[in-house]
Amino acid sequence: METKRSPRILVFSTEKISDPGIDQAGLRKIHYSPSVYVISLPCSSGIKPRWVLHALKKGFDGIFIAADGHECSFSPHCAELTNNIIVECQRRMKEENFNPKRIRMAALCSVCAEPFASHMANFSKILAELES
Amino acid sequence: MEEKQEKKRIGVYICHCGGNISDYVDVEQLRDIVSNEKNVVISKNVMFACADSNQKEMIKDIQEEQLDGIVVASCSPKLHLHTFRNVAERAGLNPYNYVQVNVREQCSWAHSDHPDQASYKAAGLIRAGIKRVSHSEALENIQIKAHKSVVIIGAGVSGMRASIDLARMGNQVFLIEKEANAGGQIAGKGKLFPTEQTGKMVVDTLMDQIRRLPNITLFTEARVAKVTGSIGNFKVDIVIQKAQDETISLQAGSILVTTGYETYTPKEGEFGFQTSPRVITLDVFDRMIRECEGKLVYDKKQVSSVAFIYCVGMRQSKGDNKYCSRTCCTSTIHSSLVMHEKFPRIRALHLYRDIRTYGKQEMLYEKSSKAGDIYLMFQEQHPPHVESSGDQMKITVKDHLTGKQELDVKVDLVVLVTGMVPRTDSNQVAELLKIPVGSDKFYNEIHPKLRPVETVINGVFLGGSCQGPKNISESVQSSLSAAAKINAIIRKETIELEPIIARIDAEKCTWCGKCQEVCEYDAIFQVETNGKLVAAVNEAVCKGCGICTPVCPYDAIDLIQYTNQEIEGMIDGFAQDVELKAREREEGAAHEEGGVMMKDFPQLWRSIMDVLDEGPKTIPQIALKLSQPAELITWHMMTMNKYFIVEPAGIDENDEYYRYQLKNKA
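Just so you know, the protein sequences line up as chains C and W, in that order.
Using the working numbering, the first residue of the first sequence is number 1013, and each one after it goes up by one.
Using the working numbering, the first residue of the second sequence is number -1, and each one after it goes up by one.
To be clear, the hints were calculated from the coordinates, so they are not data collected in a lab.
A hint or two may mislead.
To be verified - So these bits of chain C aren't anywhere near chain W, every CB distance computed over 10 Å:
id	residue
1	K1041
2	P1054
3	A1133
Said to hold, decoys possible - The following residues of chain C were derived to be distant from chain W, with all beta-carbon distances above 12 Å:
id	residue
4	D1035
5	K1106
6	N1109
7	F1110
8	K1113
9	A1129
Claimed, not checked - Partial chain C-side listing against chain W, Cβ under 10 Å, derived:
id	residue
10	E1027
11	I1029
12	S1047
13	I1059
14	W1063
15	K1070
16	F1072
17	F1086
18	P1088
19	E1107
20	I1138
21	L1142
C-beta: ideal position from N, C-alpha, C; glycine also.
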């Protein structure tokens, strides 16, 4: 069994917006790294920084936040709130000696199948470069 | 947070999905690995987890093995979350003690190029599901009393039509109209495509039906002043403009917003609007056609040529209105045809960016072209220039389709085709109801395709063009769809809500107010508990977004079903390493359970086909006839179904099992 894998990425997606886009990538067999794992939440502004830190400590190489942005049906301030979470995560990551580049955010919509795969490829590349 | 009792008897079902999963993921090996996980008492492979026979099997397992949590590793939860929640419920297990793991869309299909790594990932996903269900808690849906009444804001054609259906379904309807008369924008329209009825005729027909329904109350010259409460029990205060304003409070189980649109007013000087004498909008032109008799006259001069300029104020790459208003191409061409009918021999020139007469409206475009109307295409960066020229208007336009040749055309009248824009008071209504507004400033639904008339506020629905440009039929379709949804919710007078809401740990909370600041729905309030001020959540109002959870400096808020234990447990499940043996892929290899070899399949299929030759049969009937286990027959029937050899032929007389028949026997 092959043991060398591409960087492990934990994606926080949202049930109504980015999740259908990620599902669609699978449906259309648009491939991305099998080291990508997805946790789905109601809103990207509900991600607790402690979960991000927990994942990094457990061996994830990077955290990707599929943000709802302006499409969020819960809050018109979602983009700003999610960004605040990233800032707080990066602050805590620095304290714990994790490179802040290990967290990344992009807005993904319910049909963003290709963009999702391409974000995963780019982020994997960035994370692999951090290792070298 | 309160520590929950870990589940002790978990059942895990890993679905083949007829090969969609098992062709790439080694489901048999995963079943064996999972069976060794802590607290897992059942680990099974199933051909189709969603199949009726498997659902029955799961119910049996839950009851006989006294399972306290179940995990189904199959397709996206969007497809079968509720299917398996119902299975759990039918077996007497709390439906929230079920977790669905997506090993198809987010694993076998996405990684079909790397089957071994897909299996590795699936192991992590399933373990995460087990960890999640270990910490899941039994929840009861929130029950809320509902008034069997609806407030409809806006008595245009959408609101009027929806009020009639809702009233006929036995609901009390309060129809609120800001203007002195019902009918909205349509009341002032002339002939409408395709029925050629006038707007007034449409409105009169609806008004006649409303008058006959005693359970509709129409309030005119009324505006909504305040909305409180939540789904099932809204209190809507309306102010009726009289010599002395009167305030009335209405109780409603649901609210339908059908506030409509406004027409774009061109800016001063835009294509000569208000600065040149013979430039008008399409609405004014339509009124002229209706009011003139014998000859078309504008400003005391007979009109013998008209130029329509399309997309005025719409599709602006640099302005506010980036969208297409959809209805204006059809309206303009229809107006041109009505003009030709009433005043023959008037020349019509259409200066357009694109013609969007979708659907059967395309016939109008064809008819107009045949009537001799001239169409010239221009581009946004080269808009037509309009100036006065004696008692006519001179238009200079670069014709995009003939090598960008610049043309000068003189006409008697320039008509600016303006589209739909959100109402100027739409923000006030949005603020009262807390419904989101999109970047185009129209109201936003939850999902444009899957939940097109619902808003994120439970119980508040959208209908018609307050949501974006729509023609009359589309507006009525959406408001009737909302009416049907509303009736389905309030007709039982009791509503069940999912209990996914925020929960405060009063011991940790010190009331800093940060959670209240970010809550868009005023769901968080202050209470005193044991002499201490803490935050509390209004269950009926909380939307379960979780936005309040990360802002708490003391981590005193969790979203139910997304608690720290559940999310961090999932991360632990993903992170756990797994040793997988390389998968054997020999053709004709023995299938595990049942000991049936690949080469045996055709014979068994032939036997099944022989049985079905007699007529439709259920799986237990076929199994009995062939003296084979029902599980084995299910397995083969599902594959035969996938390859279109058999097909379902309705449920049996006991409402218990599906019958199947040969596909070519249908």
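Going through the hints against the structure:
1. K1041: violated (6 Å)
2. P1054: C/P1054 is in fact no farther than 10 Å from some Cβ atom of chain W, at 5 Å.
3. A1133: holds (13 Å)
4. D1035: violated (4 Å)
5. K1106: holds (18 Å)
6. N1109: For C/N1109, whose nearest Cβ neighbour in chain W is about 19 Å away, the distance exceeds 12 Å, so it holds.
7. F1110: The claim holds: C/F1110 sits with its nearest Cβ about 15 Å from chain W, beyond 12 Å.
8. K1113: holds (20 Å)
9. A1129: violated (9 Å)
10. E1027: Holds: closest Cβ of chain W sits about 8 Å from C/E1027, inside 10 Å.
11. I1029: holds (9 Å)
12. S1047: Hint on C/S1047: holds, closest Cβ of chain W at ~7 Å, below 10 Å.
13. I1059: Result: holds, 6 Å to nearest chain W Cβ.
14. W1063: holds (5 Å)
15. K1070: holds (4 Å)
16. F1072: Holds. Min distance 7 Å.
17. F1086: holds (4 Å)
18. P1088: holds (6 Å)
19. E1107: Status violated, d = 16 Å.
20. I1138: violated (20 Å)
21. L1142: C/L1142 check fails; min Cβ-Cβ to chain W is 19 Å, beyond 10 Å.
In this structure, the hints that do not hold are numbers 1, 2, 4, 9, 19, 20 and 21, in rising order.
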